[in-house]
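Could you put together the complete structure from these sequences and hints?
Numbering that gives the first Met the number 0 applies: residue 0 is where the sequence shown begins, and numbers increase by one.
Simulated from the structure, these hints should not be mistaken for laboratory data.
These numbers come from a predicted model, not from an experiment.
All C-beta atoms in this analysis are idealised placements derived from N, C-alpha and C, irrespective of residue type, glycine included.
Some hints here could point you the wrong way.
Distance windows between CB atoms, simulated [stated by the list, open to error]:
hint, residue 1, residue 2, range
1, 6, 46, 26 to 32 Å
2, 46, 67, 29 to 35 Å
3, 21, 47, 28 to 34 Å
4, 20, 46, 33 to 39 Å
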Amino acid sequence: MFKSLIIAGIGAALVAGCTPNINPTDADRAIIGAGTGYVVQQVRGKGGSDRIKGAAIGAVGGALCDDVGLCQ
Numbered sequence: 000m001f002k003s004l005i006i007a008g009i010g011a012a013l014v015a016g017c018t019p020n021i022n023p024t025d026a027d028r029a030i031i032g033a034g035t036g037y038v039v040q041q042v043r044g045k046g047g048s049d050r051i052k053g054a055a056i057g058a059v060g061g062a063l064c065d066d067v068g069l070c071q
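In structure tokens:
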């Protein structure tokens, strides 16, 4: 379970970095990452608390993706 949350977070960070031509802020990437993390957990058929965890991990991944050089 934890492994799949890590994978969802990494995927959310990568998707949050794919925002060409809009010059997103950390908050923008966090929102995109949270949405992606939530949807990933929903598609996987997970319940409410797992969806919230996916959204939280996605938000952190999205906000920090530029700091680690994934989205520039």
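Using the C-beta atoms of residue 20 and residue 46, is the stated range 33 to 39 Å upheld?
-> holds (37 Å)
C-beta pair residue 46, residue 67: status relative to the range 29 to 35 Å that was hinted = holds (30 Å)
Please test the hint of 28 to 34 Å on the beta carbon pair from residue 21 and residue 47.
-> At roughly 31 Å between Cβ atoms, residue 47 and residue 21 fall inside 28 to 34 Å, so the hint holds.
Taking 26 to 32 Å as the hint, is the beta-carbon distance of residue 6 and residue 46 inside that range?
-> violated (18 Å)
Of the numbered hints given earlier, the model fails hint 1 alone.
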